[in-house]
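Please arrange chain B on chain A, whose structure you already have, making use of the hints.
These protein sequences, in sequence, are chains A and B.
Using this note's numbering, you'd call the opening residue of the first sequence number 1 and step up by one each time.
Using this note's numbering, you'd call the opening residue of the second sequence number 448 and step up by one each time.
Worth flagging that the hints you see were computed from the coordinates, not collected in a lab.
Don't take every hint at face value.
Stated by the list, open to error - Reference excerpt, derived from the structure (chain A facing chain B, CB under 10 Å, subset only):
hint, residue
1, Met17
2, Gly156
3, Val184
4, Asp320
5, Val392
To be verified - One-sided excerpt, in silico: chain B residues whose CB lies under 10 Å from chain A:
hint, residue
6, Leu462
7, Trp490
8, Trp517
9, His578
10, Leu582
11, Gly609
12, Ala636
13, Cys773
14, Ala781
15, Arg786
16, Trp802
17, Val818
18, Thr851
Where is the CB? At the ideal position from N, CA and C, for every residue including glycine.
2 protein chains.
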Amino acid sequence: MGQDKSFLLTDLYQLAMMQAYFKAGETGTAVFEFFVRKLPDTWGFLVAAGLEQALDFLETLHVSEAELDWLERSGHVGPSLTSRLRDFRFTGDVHAMPEGTVFFPHEPILRVTAPLPQAQYVETRLINLLHFQTLIASKAARMVLAAKGRTLIDFGLRRAHGAEAGLLAARAAYLAGFDGSANVQAERAFGVPAFGTMAHSFVHCFADETLAFEQFARARPENLVLLIDTYDTEAGARKVVALAPRLREMGITIGAVRLDSGDLGALSVSVRQILDSGGLRAVRILASGGLDEAEISRLLRNGAPIDGFGVGTSLTTSSDAAALDCAYKLQEYAGLPRRKRSTGKATWPGRKQVWRSIGPDGRIAGDTISVDGEPREGTPLLQQVMRAGERVLPPPSLDEIRATTASGLERLPEPLRRLTPGAHFPVEIAPALVALAQEADRIVNPT
Amino acid sequence: MGQDKSFLLTDLYQLAMMQAYFKAGETGTAVFEFFVRKLPDTWGFLVAAGLEQALDFLETLHVSEAELDWLERSGHVGPSLTSRLRDFRFTGDVHAMPEGTVFFPHEPILRVTAPLPQAQYVETRLINLLHFQTLIASKAARMVLAAKGRTLIDFGLRRAHGAEAGLLAARAAYLAGFDGSANVQAERAFGVPAFGTMAHSFVHCFADETLAFEQFARARPENLVLLIDTYDTEAGARKVVALAPRLREMGITIGAVRLDSGDLGALSVSVRQILDSGGLRAVRILASGGLDEAEISRLLRNGAPIDGFGVGTSLTTSSDAAALDCAYKLQEYAGLPRRKRSTGKATWPGRKQVWRSIGPDGRIAGDTISVDGEPREGTPLLQQVMRAGERVLPPPSLDEIRATTASGLERLPEPLRRLTPGAHFPVEIAPALVALAQEADRIVNPT
Numbered sequence: 001m002g003q004d005k006s007f008l009l010t011d012l013y014q015l016a017m018m019q020a021y022f023k024a025g026e027t028g029t030a031v032f033e034f035f036v037r038k039l040p041d042t043w044g045f046l047v048a049a050g051l052e053q054a055l056d057f058l059e060t061l062h063v064s065e066a067e068l069d070w071l072e073r074s075g076h077v078g079p080s081l082t083s084r085l086r087d088f089r090f091t092g093d094v095h096a097m098p099e100g101t102v103f104f105p106h107e108p109i110l111r112v113t114a115p116l117p118q119a120q121y122v123e124t125r126l127i128n129l130l131h132f133q134t135l136i137a138s139k140a141a142r143m144v145l146a147a148k149g150r151t152l153i154d155f156g157l158r159r160a161h162g163a164e165a166g167l168l169a170a171r172a173a174y175l176a177g178f179d180g181s182a183n184v185q186a187e188r189a190f191g192v193p194a195f196g197t198m199a200h201s202f203v204h205c206f207a208d209e210t211l212a213f214e215q216f217a218r219a220r221p222e223n224l225v226l227l228i229d230t231y232d233t234e235a236g237a238r239k240v241v242a243l244a245p246r247l248r249e250m251g252i253t254i255g256a257v258r259l260d261s262g263d264l265g266a267l268s269v270s271v272r273q274i275l276d277s278g279g280l281r282a283v284r285i286l287a288s289g290g291l292d293e294a295e296i297s298r299l300l301r302n303g304a305p306i307d308g309f310g311v312g313t314s315l316t317t318s319s320d321a322a323a324l325d326c327a328y329k330l331q332e333y334a335g336l337p338r339r340k341r342s343t344g345k346a347t348w349p350g351r352k353q354v355w356r357s358i359g360p361d362g363r364i365a366g367d368t369i370s371v372d373g374e375p376r377e378g379t380p381l382l383q384q385v386m387r388a389g390e391r392v393l394p395p396p397s398l399d400e401i402r403a404t405t406a407s408g409l410e411r412l413p414e415p416l417r418r419l420t421p422g423a424h425f426p427v428e429i430a431p432a433l434v435a436l437a438q439e440a441d442r443i444v445n446p447t
Numbered sequence: 448m449g450q451d452k453s454f455l456l457t458d459l460y461q462l463a464m465m466q467a468y469f470k471a472g473e474t475g476t477a478v479f480e481f482f483v484r485k486l487p488d489t490w491g492f493l494v495a496a497g498l499e500q501a502l503d504f505l506e507t508l509h510v511s512e513a514e515l516d517w518l519e520r521s522g523h524v525g526p527s528l529t530s531r532l533r534d535f536r537f538t539g540d541v542h543a544m545p546e547g548t549v550f551f552p553h554e555p556i557l558r559v560t561a562p563l564p565q566a567q568y569v570e571t572r573l574i575n576l577l578h579f580q581t582l583i584a585s586k587a588a589r590m591v592l593a594a595k596g597r598t599l600i601d602f603g604l605r606r607a608h609g610a611e612a613g614l615l616a617a618r619a620a621y622l623a624g625f626d627g628s629a630n631v632q633a634e635r636a637f638g639v640p641a642f643g644t645m646a647h648s649f650v651h652c653f654a655d656e657t658l659a660f661e662q663f664a665r666a667r668p669e670n671l672v673l674l675i676d677t678y679d680t681e682a683g684a685r686k687v688v689a690l691a692p693r694l695r696e697m698g699i700t701i702g703a704v705r706l707d708s709g710d711l712g713a714l715s716v717s718v719r720q721i722l723d724s725g726g727l728r729a730v731r732i733l734a735s736g737g738l739d740e741a742e743i744s745r746l747l748r749n750g751a752p753i754d755g756f757g758v759g760t761s762l763t764t765s766s767d768a769a770a771l772d773c774a775y776k777l778q779e780y781a782g783l784p785r786r787k788r789s790t791g792k793a794t795w796p797g798r799k800q801v802w803r804s805i806g807p808d809g810r811i812a813g814d815t816i817s818v819d820g821e822p823r824e825g826t827p828l829l830q831q832v833m834r835a836g837e838r839v840l841p842p843p844s845l846d847e848i849r850a851t852t853a854s855g856l857e858r859l860p861e862p863l864r865r866l867t868p869g870a871h872f873p874v875e876i877a878p879a880l881v882a883l884a885q886e887a888d889r890i891v892n893p894t
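The shape of chain A in the complex, shown without the other chains (with noise of 0.2 Å):
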C-alpha cells in the first residue's frame, strides 16, 4: 500500500479542527507534549524511541495533489481548508530525550511548538510512531535484562501488526539492545543485522532428517544453525553430532543447534551433554517458541544452557501490553498554559523540562519534572532537535541510540531493574509546575 507518508493517515477530526482554527483565525502558538501516563503493570520504566521517524514525518510533511483532488471530492472539508493546504508545511521547533533515553510516567519525551493548526494535525501519526517504538524498545529491554548477556533475536515479523509494525520493532529492539532480527528489510532500512537459521517445513521435504541438515549446511554453511525438533529433540542432536566429522571434511563448521518446542529447560540440558560429549562443545543452543522475558529469566535462573533467545510474537505485539497509555496534550497556546481537566486525564500544564540527578552510586537518584528554563540541579533530558521545520542535530546512528540505551539500563536503580519492580521510580513535580498548573485552571473558568 505504501501510504505511511500518506497526509491522509490521520484521523478526521484533525482536518475539520484545522479548518476552525483557520476559519476563527487561531493560529497562534501552541505547545504539545507527548508523555505517558502510567506503566503498564509489572514494567517500572520505558526507553523513548521513534524520534528518528516522527522527525521524518515532520520534515517531510506535505499534501500531494492526488490526495488534495480526493480531499475535495470528499466533501469532508471545504474550499477554505484545502486551498491553505497545498502549501502545508512544518515549520515548528520539536524539543525531544534523544532515543534509547530511560525515561518515567509524566515525563515528556518530545514537545512540539508550532502555529496550531499545524501543531494539532501532527498529533495522530506522532502519536502512531513514538508510541508503537517507544512501547517494543520498552518491552525488549525487559527482556535484554532478563537474558543476562545472551544473545537476543526478534523472531516477530509474522505475527507483528502489519508490515510497518513488524520493520519498526526490529529497529525499536535493536537499540533496546538485541543482537539483531531475522527481518531481512529491517537490515537494509536500518543496519539491523539480519539472522537466519531453518524451518521444520524444511526439514520434512527430505526422506530424512540428517539429509535435510546435509542439505541445508551445503546450501548456507556460513553461520550454520540446524533445527533439531521436529521429530525428537534429542535424537536430533544425536544426528547432528554424527553428521558434524563429515560437514567438517567440506570445510563447514555448525554454528548453532535450536529448539524450538517441548520442555526448553530440560532438553538444552540434554542436548548440551550430548553435543559436549560428540566433542561440539563450541556448538551453541538456541531457543525460541513462545518465549517471553518471564520465560527466559525463569529458564537461566533454573540454569538452561542457552546461549541465545529467538522471541517473536511477545515482542512484536507487547504481548502483556499491547498499547501504552500516552497521550499528546495541548500545554500552552497564545502564550497561556493550558491543562485538560476531564476526570481522571489532567495534566500538567505549560513548557517542561525533565532534570535527571545521579547518584554516588552511579545510579538514577530521581527526576524533577519543572518549567522550562527554570534551572534545576542535574541534566535536562529534553533538548532541541527541531527548529523551524528543519533538524538542528544530525540524527545519532542506530549504535549510537544503543548505546545510549544501555548506559540508561546501567544506571537504573537495582528494584526497577527486576521483572517486577520492587519500587517506584521518584519523580518529583517542581513547585514552579504546580504554580503554574494553578494558574492555568485560573485562566478558564469552567462555568
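What follows is chain B alone, placed relative to chain A:
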C-alpha cells in the same frame, strides 16, 4: 518508508531455505495451509480477513533491481539464488474461505499449492497479513455483538502498531460490522466511511467552551458532533442546549455530543435528560475513552442511553489478545502428506476442506474438517481463488464481505455469541483425515 511490498519484507531463513531447495533440486509441488491453533481465552469464534491483501501480495510478488543488488552485496545468499530471483513470481494456486467467514481453530482458511521455494517464501508476509486482519475482524465482531446495533467507530489509528496496522484495522473493523473509522486514509483506500468529531485541545484554544462549540459548528456544520467533557460534562450539555437555537438560526443542526471521560453510564443518563428537556431529543450521545466490548456490554446492560461508541486502542491492538496462535504449515510435498509432530504442535496433514452444516434453526450445527475431494454433508467453506498465480474470482466489495460477516454472526449458536462463550464449537475431524495423519506418520521414520 513505503516498504510494505518489498521482497525483503521476510525472514532471512526463507531466503536461506530457498537457496537450499534450489541447490538440492527440491522444487516439487508443496501444499501449505494457514490456520489458527486455538482461540484466545473467552473468545468463541474467529472471522477470516486479510485475503484481499494476501492475494494482492501474491499477484504482485517480485524482486526489484535495487533489492537484488542489495541482496547480492549483503552476503546472506549466493549468486545461485540471486540469479533465480530475477524472474521469481508466484505461479501457484490458492484456495481460501471468503473474507468475513466465521471459523474455528484447526480449520484452514487459506491453502497455497505451489512449487516449494515459492510456497515457502510467501509464508512470512502471508501470516503477517492474514493474522492481523483476522485478529482485528474477530475482536471487532465481538464489539459488534456487544453493541447490539449501536453505531461503532474505529478511533484507534494513533495507538495502532504503525501505519499499516491503523489502515488495515479500519478495514477489518468495517468488514466485521463497524460503521466507519476516524482514519481518513481508510476511506480513500477502501471506502470505509470516515467519521470525525473534535478534541479537547480545540476547546482549550478558545476563551470559553461555548465559543469553541460555535466556532467549530460554523466551520464544520455537517455531521456536527460536539465534545462536551473538557471541563464539566453536564455544564457542557447545558451549553449545547443554550447554543442550539442560535445555531438553528444559521441553519446548523447538532448531530451528537460526545462524552470521553468520567462515569459514562451515569453521565449519559444526565446528559440525555438535559438534552431532552432542552428540546434536543434528536441529538445523539456518543461515548469514547478506554472502551472495549466488555465495557460496552456493561454500559448497555445498565441501560445507558448511548447511541454510538468510539473504540480505539482495545480494537486496533486487540488489547486482551494481541496475537493469535496461528501457523502456516507444510501439509503435503511431492504428493505425500506431511505434518509437524513437535511436542504440543502436531497438525493434521494433507489438503483439507471444511464442511459446514446448518441446523433447522438456521444456526451453524457443526463443521467437519476432512481431506479435500472427499464429499461430505453441508457446504464446503474453502474455494479456489487463484490459479497459476492469477485470481479466478473478482474480489468481493467490502460491503459484500460485511454482509458475509453479518450473516455468519447471525448463524452463530447463541452460546458462542456471548462475550464469555458458553460452549465450544463442535468441529469434527473426519475419519479420512485421521487415516491420512497415520499414513503421514508412517512415511517419515523419526529415528
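Verification of the hints:
Because the beta carbon of A:Met17 sits about 5 Å from the nearest beta carbon in chain B, less than 10 Å, this interface hint is met. A hinted interface residue such as A:Gly156 counts as satisfied when its beta carbon comes closer than 10 Å to some beta carbon of chain B; here the least separation is about 9 Å, so the hint holds. Taking 10 Å as the C-beta cut-off, the interface hint given for A:Val184 holds, the closest approach to chain B being about 4 Å. For A:Asp320, the interface hint holds, the least distance from its beta-carbon to any beta-carbon of chain B being 9 Å, beneath 10 Å.
Using the Cβ-Cβ criterion of 10 Å, the hint placing A:Val392 at the interface with chain B is not satisfied: the shortest such distance is roughly 23 Å. Checking B:Leu462 against chain A by beta carbon gives a least distance of about 7 Å; that is within 10 Å, so the hint holds. Here the hint on B:Trp490 is broken, as its CB sits about 15 Å from the closest CB of chain A, past 10 Å. With a cut of 10 Å, the hint placing B:Trp517 at the interface with chain A holds, because the nearest CB-to-CB distance is about 5 Å.
The interface hint given for B:His578 is met, as the beta carbon of that residue sits about 6 Å from the closest beta carbon of chain A, less than 10 Å. Satisfaction of the interface hint for B:Leu582 is found here, the shortest Cβ-Cβ separation to chain A being roughly 8 Å, below the 10 Å cut-off. With its C-beta approaching chain A no nearer than about 3 Å, B:Gly609 sits inside the 10 Å limit, and its interface hint holds. Interface restraint check: B:Ala636 against chain A, minimum CB-CB distance 7 Å, threshold 10 Å, status holds.
Interface hint at B:Cys773: satisfied, since its Cβ lies 8 Å from the closest Cβ of chain A, which is below the 10 Å cut-off. With a cut of 10 Å, the hint placing B:Ala781 at the interface with chain A holds, because the nearest CB-to-CB distance is about 8 Å. Given the 10 Å rule on beta carbons, the hint for B:Arg786 holds: about 8 Å separates it from the nearest Cβ of chain A. At a threshold of 10 Å, the smallest CB-CB gap from B:Trp802 to chain A is about 27 Å, leaving the interface hint violated.
With a least beta-carbon distance of about 18 Å to chain A, the hint placing B:Val818 at the interface is violated under the 10 Å criterion. About 23 Å separates the beta-carbon of B:Thr851 from the nearest beta-carbon of chain A, more than 10 Å, and the hint is not met.
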